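The residues making up each chain are set out below.
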Amino acid sequence: MAAAGTNRFLLRDVSASYGRREALSGVDLDLGTGEVVALLGENGSGKSTLLKLLAGLLPPTSGTLTLDGRPASDLTRRDAARRIGYLPQSFEPLFPASALEMVLLGRTAYLGLLGAPRAEDHAAARRALEETGTAAFADRDVREMSGGERQRVFLSRVLAGETDILLLDEPAANLDPRHRFLVVRILRRKAASGGLVVFSTHEMDVAAAAADRVVLLREGHVVEDGPVRETLTAKVLTQLFGVPAVVSTGPSGRPLVSLAGDGPG
Amino acid sequence: MSPAAGGWRRGLPFALAALAAAAVASASLLVGSIRIPPGKVVAALLGSGDAPTLAIVREIRLPRTLLGLLVGGALAMSGASLQALLQNPLADPFLLGVSGGAACGALVGSLLAVSSPAGPSVLMGPVAAFLGALAAIALVGVGASVRGRLDRNRLLLSGVVVNALASAILLFLLSFGNADQTRGFVFWMLGSLAGATRESVVSMAIYATGAGLVLLGLSRSLDALTLGEETAFTLGISVERTKRIAYVAASLLAAAAVAHAGIIGFVGLLVPNAVRLVARGHVRVLFLSFLTGAVLLAASDVAARTVFSPTEVAVGAVTALLGAPAFLVLLRQRN
Chain A
1 MAAAGTNRFL
11 LRDVSASYGR
21 REALSGVDLD
31 LGTGEVVALL
41 GENGSGKSTL
51 LKLLAGLLPP
61 TSGTLTLDGR
71 PASDLTRRDA
81 ARRIGYLPQS
91 FEPLFPASAL
101 EMVLLGRTAY
111 LGLLGAPRAE
121 DHAAARRALE
131 ETGTAAFADR
141 DVREMSGGER
151 QRVFLSRVLA
161 GETDILLLDE
171 PAANLDPRHR
181 FLVVRILRRK
191 AASGGLVVFS
201 THEMDVAAAA
211 ADRVVLLREG
221 HVVEDGPVRE
231 TLTAKVLTQL
241 FGVPAVVSTG
251 PSGRPLVSLA
261 GDGPG
Chain B
266 MSPAAGGWRR
276 GLPFALAALA
286 AAAVASASLL
296 VGSIRIPPGK
306 VVAALLGSGD
316 APTLAIVREI
326 RLPRTLLGLL
336 VGGALAMSGA
346 SLQALLQNPL
356 ADPFLLGVSG
366 GAACGALVGS
376 LLAVSSPAGP
386 SVLMGPVAAF
396 LGALAAIALV
406 GVGASVRGRL
416 DRNRLLLSGV
426 VVNALASAIL
436 LFLLSFGNAD
446 QTRGFVFWML
456 GSLAGATRES
466 VVSMAIYATG
476 AGLVLLGLSR
486 SLDALTLGEE
496 TAFTLGISVE
506 RTKRIAYVAA
516 SLLAAAAVAH
526 AGIIGFVGLL
536 VPNAVRLVAR
546 GHVRVLFLSF
556 LTGAVLLAAS
566 DVAARTVFSP
576 TEVAVGAVTA
586 LLGAPAFLVL
596 LRQRN
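One line per chain: the protein sequences are A and B, in this order. Taken in order, the first sequence gives residues 1 to 265; the numbers are from the working numbering. Taken in order, the second sequence gives residues 266 to 600; the numbers are from the working numbering.
Hints were generated in silico from the structure; no laboratory data involved. Here the structure is a predicted model, which means the values were calculated and not measured. Don't take every hint at face value.
Cut-off 20 Å, straight-line C-alpha distance, at most; resulting in silico cross-link-like pairs (SDA-like, lysine to any residue) [unchecked claim]: (1) B:Lys-305 x B:Ser-291; (2) B:Lys-305 x B:Ala-316; (3) B:Lys-508 x A:Leu-114; (4) B:Lys-508 x A:His-221; (5) B:Lys-508 x A:Ser-258; (6) B:Lys-508 x A:Gly-250; (7) B:Lys-305 x B:Pro-328; (8) A:Lys-235 x A:Arg-254; (9) A:Lys-235 x A:Ser-258; (10) B:Lys-508 x A:Gly-112; (11) B:Lys-305 x B:Leu-319; (12) A:Lys-235 x A:Leu-182; (13) B:Lys-508 x A:Glu-219; (14) B:Lys-508 x A:Asp-164; (15) B:Lys-508 x B:Leu-415; (16) B:Lys-508 x A:Leu-57; (17) A:Lys-235 x A:Leu-259; (18) B:Lys-508 x A:Leu-58; (19) B:Lys-508 x B:Glu-494; (20) A:Lys-235 x A:Gly-253; (21) B:Lys-508 x B:Ala-400; (22) B:Lys-305 x B:Leu-295; (23) A:Lys-235 x A:Glu-219; (24) B:Lys-508 x B:Leu-478; (25) A:Lys-235 x A:His-221; (26) B:Lys-508 x B:Ser-423; (27) A:Lys-235 x A:Gly-250; (28) B:Lys-508 x B:Val-411; (29) B:Lys-508 x A:Gly-56; (30) B:Lys-508 x B:Pro-328.
Simulated coverage check for chain B against chain A, where a stretch passes if three residues somewhere in it have a Cβ under 8 Å from a Cβ of chain A [what the hints assert, rightly or not]: (31) 350 to 357; (32) 481 to 493.
Ranges of calculated distance between the beta carbons of each label pair, as one might list FRET restraints [as the list claims (entries may be wrong)]: (33) A:Asp-139 x B:Arg-419: 51 to 57 Å; (34) A:Leu-114 x B:Leu-319: 39 to 45 Å; (35) A:Asp-68 x B:Arg-417: 47 to 53 Å.
Every residue, glycine too, gets a C-beta built ideally from N, C-alpha and C.
Pulled out of the complex, with its shape left as it was, chain A reads as follows (with noise of 0.2 Å):
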């Protein structure tokens, strides 16, 4: 695991956009080590936007984009694989693969050109499956598996890489609550390890129980970035979702918030 003060991205006036489609305009943050940051907002506020500018997928159209101090695009693809790990919002297996082979897949930038998984590959996928409590059909297809047990499998994947960041969009998509908070415990043994964590949620809970800080998304712009007890409050939600929200303090100190779409606010 790497040191305290690296893992930094740092971002100034950054936008980003698809085409013509401006997707982020103006984004200041600095991210650094040992914190999960959660990425709040509607849909198409520019969550996805920014996880894949933070990947490398998509170029800043204008701004600057540093990790570590260099610019972001100078490491090379394995190098930045070896560091970084990404989780897309979806993806539907279209080929016979086993769980097991998809998270060897996340060994990838470990790999010579021909070379098949060495062993310390195969116990690096292992322990993913087992994290994520998927082990168990580590031999199963895994296009036969429902949404849950797959979403389980590719966040498997992207911990096998054991990368220092991850970059996770909608990591607890599709989970039910238990597993939900097993990705929560997963989130968060990451950055006490020192690593940093970056996620994308619709969840409140997940959100409150994972993050240590959250950047709130509208239109493409930040709206807040702060601790998560301080963002985190009825007032922000219910202007950023538009519907009432209440939140309270539970017995660990984080937030308990409910959003009841069943009243005006």
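For this one, chain A is given, so just place chain B on it according to the hints.
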């Protein structure tokens, strides 16, 4: 599973495919319109026997058998690569119009070469076919892309259109040939191994080996591409470079197959889909596809020669009879 048991299970499909290839090759050497006892066939292969037997076995049956194995292998490997590249299990050089484009290229090339004093060279046929294949794949890409991205669902439709265009061009060009040329071209277009010669075997072997090795070298990248292009990129793969090289290599395989044996459909579709059920990882998928495609085409050719003997049917018709129903099954599986 113990490593030894795993090795046994992983090796079994390869051993079976290799055995099947040997069996089909033997059958292909033994059967034909002229009966030759097995002992004499073996003797002729080793270089002894009377002149007619030697000629039939060494100049007709052996090249035909080898060309069938190579063309079948090339088509299957091309299909397996295109499926991974396009993230579409229904991709196939025939269905995508690549074979049609290659046929147009080959036909134009040979019409030009026939009228030139130098005459066609057996190695140049695939080059003309390759240019046609690349043109076809570019057209398919244009038809199937929406806002700069390849739309998987439009891909097959686009292939249908390019196929239709290729057929039209072929028919148009055929009108300019003389009667003899036209008859030969039509039989070649339907897919036939009857024109196999030593030279065509050598030429096909060169193209299949070259393009096949390039694709095997890209197998890790193809593995990652099955997770989608964005994920493959974040796994450290140079996605655009991989796609460019693999498209060229897969087109070259299909083009060489078309130049030497005409349009043979469905081998590239069926074989990789079957192979993916027992083999994982593109090193294995590509290699096993080659072996299995070789078996399928050589076996289809034995059937084409013997079932309606003495009439010989086009081998392309045999593979289409097998392939079209299987294509429907695959289409229905996919919702």
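Hints and how they fare:
1. Proposed proximity of Lys-305 of chain B and Ser-291 of chain B is supported: the alpha carbons are some 13 Å apart, at most 20 Å.
2. Restraint check: the Cα-Cα separation between Lys-305 of chain B and Ala-316 of chain B comes to about 12 Å, which is no more than 20 Å; the hinted pair holds.
3. The suggested pairing of Lys-508 of chain B with Leu-114 of chain A holds, with an alpha-carbon distance near 17 Å, which does not exceed 20 Å.
4. With a C-alpha separation of about 35 Å, the suggested pair Lys-508 of chain B and His-221 of chain A falls outside the 20 Å cut-off, and the hint is violated.
5. For the hint pairing Lys-508 of chain B with Ser-258 of chain A, the CA-to-CA distance comes to about 47 Å; that exceeds 20 Å, so the pair is violated.
6. Of the supplied pair hints, the one linking Lys-508 of chain B and Gly-250 of chain A is violated, its CA atoms being roughly 51 Å apart against a limit of 20 Å.
7. Note on Lys-305 of chain B and Pro-328 of chain B: the hinted pairing holds, with a Cα-Cα distance of about 17 Å set against a maximum of 20 Å.
8. At most 20 Å may separate the alpha-carbon atoms for a hinted pair to count; Lys-235 of chain A and Arg-254 of chain A meet this at roughly 17 Å.
9. Proximity of Lys-235 of chain A to Ser-258 of chain A is assessed by CA-CA distance (about 12 Å); at most 20 Å being required, the pair is judged to hold.
10. Our distance criterion of 20 Å between C-alpha atoms is met by Lys-508 of chain B and Gly-112 of chain A, whose separation comes to about 19 Å.
11. For the hint linking Lys-305 of chain B to Leu-319 of chain B, the alpha-carbon distance of about 9 Å falls within 20 Å, and the restraint holds.
12. A hinted pair counts as satisfied when its Cα atoms are at most 20 Å apart, and Lys-235 of chain A with Leu-182 of chain A does not qualify at roughly 29 Å.
13. Under the criterion of a C-alpha separation no larger than 20 Å, the hint pairing Lys-508 of chain B with Glu-219 of chain A is inconsistent with the structure, at around 34 Å.
14. Taking the CA atoms of Lys-508 of chain B and Asp-164 of chain A, the gap is near 29 Å; set against the 20 Å cutoff, the hint is violated.
15. For a cut-off of 20 Å, the pair hint linking Lys-508 of chain B to Leu-415 of chain B stands: about 12 Å separates their Cα positions.
16. Proposed proximity of Lys-508 of chain B and Leu-57 of chain A is supported: the alpha carbons are some 16 Å apart, at most 20 Å.
17. This hinted pair checks out: Lys-235 of chain A and Leu-259 of chain A have alpha carbons roughly 12 Å apart, not beyond 20 Å.
18. Of the supplied pair hints, the one linking Lys-508 of chain B and Leu-58 of chain A holds, its CA atoms being roughly 19 Å apart against a limit of 20 Å.
19. Annotation: proposed proximity of Lys-508 of chain B to Glu-494 of chain B holds, straight-line Cα distance about 10 Å (limit 20 Å).
20. Distance restraint check for Lys-235 of chain A and Gly-253 of chain A: the Cα-Cα separation of roughly 19 Å lies within the 20 Å cut-off, and the hinted pair is therefore satisfied.
21. Of the pairs offered as hints, the one joining Lys-508 of chain B and Ala-400 of chain B holds, with about 16 Å between alpha carbons and a cut-off of 20 Å not exceeded.
22. Between Lys-305 of chain B and Leu-295 of chain B the CA atoms are separated by roughly 10 Å; this keeps the pair inside 20 Å, and the hint holds.
23. The straight-line distance between the Cα atoms of Lys-235 of chain A and Glu-219 of chain A is roughly 19 Å, inside the 20 Å bound, and the hint therefore holds.
24. Of the supplied pair hints, the one linking Lys-508 of chain B and Leu-478 of chain B holds, its CA atoms being roughly 15 Å apart against a limit of 20 Å.
25. Annotation: proposed proximity of Lys-235 of chain A to His-221 of chain A holds, straight-line Cα distance about 18 Å (limit 20 Å).
26. Between Lys-508 of chain B and Ser-423 of chain B, the direct Cα distance comes to roughly 19 Å. Compliance with the 20 Å bound is thereby established for this hinted pair.
27. Taking the CA atoms of Lys-235 of chain A and Gly-250 of chain A, the gap is about 18 Å. The hint holds against a cut of 20 Å.
28. Simply put, Lys-508 of chain B and Val-411 of chain B have alpha-carbon atoms about 18 Å apart, close enough for the 20 Å limit, and the pair holds.
29. Note on Lys-508 of chain B and Gly-56 of chain A: the hinted pairing holds, with a Cα-Cα distance of about 19 Å set against a maximum of 20 Å.
30. Pair hint Lys-508 of chain B plus Pro-328 of chain B does not hold up; C-alpha atoms about 33 Å apart against a cutoff of 20 Å.
31. Interface restraint, the region 350 to 357 of chain B with chain A: holds (3 residues with C-beta to C-beta distance below 8 Å; minimum three).
32. Evaluation of the coverage hint for the region 481 to 493 of chain B: fulfilled, as 9 residues show C-beta separations to chain A shorter than 8 Å, against a requirement of three.
33. At about 35 Å, the beta-carbon gap between Asp-139 of chain A and Arg-419 of chain B misses the expected band of 51 to 57 Å.
34. In this structure the hint that Leu-114 of chain A and Leu-319 of chain B lie 39 to 45 Å apart at CB holds, the actual value being about 42 Å.
35. The hinted window of 47 to 53 Å between Asp-68 of chain A and Arg-417 of chain B is violated, with their beta carbons roughly 37 Å apart.
Hints 4, 5, 6, 12, 13, 14, 30, 33 and 35 from the list above are not met by this structure, while the remaining hints are.
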